[in-house]
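K.L.:
Generate the whole structure from the sequences, applying the supplied hints.
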Amino acid sequence: MNWKSALYSDLINTDLENWIATLIPQLERWESTSNHGDTKKWQKQLLQLPCISPAEIELKTQVCLTQDGTLGNGQLAHIESVLKQFMPWRKGPFQLFGIDIDTEWRSDWKWDRVLPHIASLANKTVLDVGCGSGYHLFRMLGEDAKLVIGIDPTDLFFYQFQIFKKYLPQHKVHFVPQGIEDMPQLNAFDTVFSMGVMYHRRDPIEFLYQLKNQLASGGQLILETIIIDGDETSVLMPGERYAQMRNVWFLPSCDALTQWLSRVGFVDIKKVEENTTSIEEQRATQWMTNHSLVDFLDPHNPSLTIEGYPAPKRAVFIATKK
67 MNWKSALYSD
77 LINTDLENWI
87 ATLIPQLERW
97 ESTSNHGDTK
107 KWQKQLLQLP
117 CISPAEIELK
127 TQVCLTQDGT
137 LGNGQLAHIE
147 SVLKQFMPWR
157 KGPFQLFGID
167 IDTEWRSDWK
177 WDRVLPHIAS
187 LANKTVLDVG
197 CGSGYHLFRM
207 LGEDAKLVIG
217 IDPTDLFFYQ
227 FQIFKKYLPQ
237 HKVHFVPQGI
247 EDMPQLNAFD
257 TVFSMGVMYH
267 RRDPIEFLYQ
277 LKNQLASGGQ
287 LILETIIIDG
297 DETSVLMPGE
307 RYAQMRNVWF
317 LPSCDALTQW
327 LSRVGFVDIK
337 KVEENTTSIE
347 EQRATQWMTN
357 HSLVDFLDPH
367 NPSLTIEGYP
377 APKRAVFIAT
387 KK
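First residue of the sequence shown? That's 67 in my numbering, and the numbers climb one at a time after it.
Derived from the structure by calculation, the hints contain no laboratory data.
Any given hint could turn out to be false.
Okay, derived cross-link-like pairs now, DSS-like style, lysine-lysine, Cα gap no bigger than 30 Å in a straight line [as the list claims (entries may be wrong)]:
(1) Lys126 <-> Lys150
(2) Lys212 <-> Lys232
(3) Lys337 <-> Lys126
(4) Lys278 <-> Lys110
(5) Lys238 <-> Lys278
(6) Lys106 <-> Lys70
(7) Lys379 <-> Lys336
(8) Lys150 <-> Lys106
(9) Lys336 <-> Lys150
(10) Lys379 <-> Lys278
(11) Lys190 <-> Lys150
(12) Lys190 <-> Lys238
(13) Lys126 <-> Lys70
(14) Lys70 <-> Lys107
(15) Lys110 <-> Lys190
(16) Lys232 <-> Lys126
(17) Lys190 <-> Lys106
(18) Lys336 <-> Lys278
For clarity, every value in this text was computed on a predicted model and none was experimentally measured.
P.N.:
In structure tokens:
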């Protein structure tokens, strides 16, 4: 069963079944028009990975798939060389058959900060908007979610996810290569996550409505984004770059974001965590050798970005759809 058929199969007889009619032409079009220069390389490399069943699967405390010792050093070296064809690895870390993929972001730290504050995911249908390579999707599965869907339009992330899905074919976790603007109003997910996305959206209010439109009544939103200090009127719109990122649009204060969520129609809005991003949490590694956070901060004052704006501070909000 290919990845699309497996996705459709898991949507049948759920509240998401109506989505299939929209997805089929969208995903056929994506496959026929995807023209990333490395697509053929990634597809070929996926086939180079051995077809074996993991001896153990750990998703509750980490994302770790182990083997039973039948893979020799030469085979493991081959697997590692294949995995490095999918660099840069930004979100993780992952462990695959004893190979540690030390990603740029310690996404496990973020997960550990978020998890104590959210409603149980057990037996829930979950959407992760801007899921990256899917690290958090697997951790959501480790919390006994019934069905986990991640969406992200980045081709590389799709193929990084498929590496692990190859070894978890029966698990109900899927990656849909599209943005939230391509989704119909499903009003069907029990929980929607959006972590590290909103500041990339030109219209954050519209984005909040899009998130709300995926939730069932009484469903929970978990929203993590970069914030600034200030009152309900405080919002920073950076110039051309923020921490060297070109696509950063609006950074609200916590009070301003609370007001946005309320105006959109969310209730029970709470800021549950705030954290200044450290150079230990986001850094270059042998799996992501490009510049990272330390290169984007003022070398004389790390409380500022290299452009002179406040350094990245992130907050986590939870809110409920009426």
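K.L.:
Each hint: holds or not?
P.N.:
Evaluation of the provided hints:
For the suggested pair Lys126 and Lys150, the alpha carbons sit about 25 Å apart, so the restraint of at most 30 Å is met. Between Lys212 and Lys232 the CA atoms are separated by roughly 19 Å; this keeps the pair inside 30 Å, and the hint holds. Of the pairs offered as hints, the one joining Lys337 and Lys126 holds, with about 25 Å between alpha carbons and a cut-off of 30 Å not exceeded. The suggested pairing of Lys278 with Lys110 is violated, with an alpha-carbon distance near 38 Å, which exceeds 30 Å.
For a cut-off of 30 Å, the pair hint linking Lys238 to Lys278 stands: about 23 Å separates their Cα positions. As the CA atoms of Lys106 and Lys70 are separated by approximately 18 Å, the hinted pair is consistent with the 30 Å bound. Taken as a hint, the Lys379 and Lys336 pair is honoured in the structure, with Cα atoms around 17 Å apart against an allowance of 30 Å. Proposed proximity of Lys150 and Lys106 is supported: the alpha carbons are some 15 Å apart, at most 30 Å.
Only pairs whose Cα atoms come within 30 Å are accepted, and Lys336 paired with Lys150 is rejected, the gap being roughly 40 Å. With a C-alpha separation of about 24 Å, the suggested pairing of Lys379 with Lys278 holds against the 30 Å cut-off. The hinted pair formed by Lys190 and Lys150 fails the criterion: a straight-line CA distance of about 34 Å is larger than 30 Å. Distance restraint check for Lys190 and Lys238: the Cα-Cα separation of roughly 12 Å lies within the 30 Å cut-off, and the hinted pair is therefore satisfied.
Distance restraint check for Lys126 and Lys70: the Cα-Cα separation of roughly 26 Å lies within the 30 Å cut-off, and the hinted pair is therefore satisfied. Distance hint between Lys70 and Lys107 is fulfilled; the C-alpha atoms sit about 20 Å from each other, no more than 30 Å. Between Lys110 and Lys190 the alpha-carbon distance is near 35 Å, which puts this suggested pair outside the 30 Å criterion. Using a Cα cut-off of 30 Å, the hinted pair Lys232 and Lys126 holds, with the two alpha carbons roughly 19 Å apart.
The straight-line distance between the Cα atoms of Lys190 and Lys106 is roughly 35 Å, outside the 30 Å bound, and the hint therefore fails. Between Lys336 and Lys278 the CA atoms are separated by roughly 16 Å; this keeps the pair inside 30 Å, and the hint holds.
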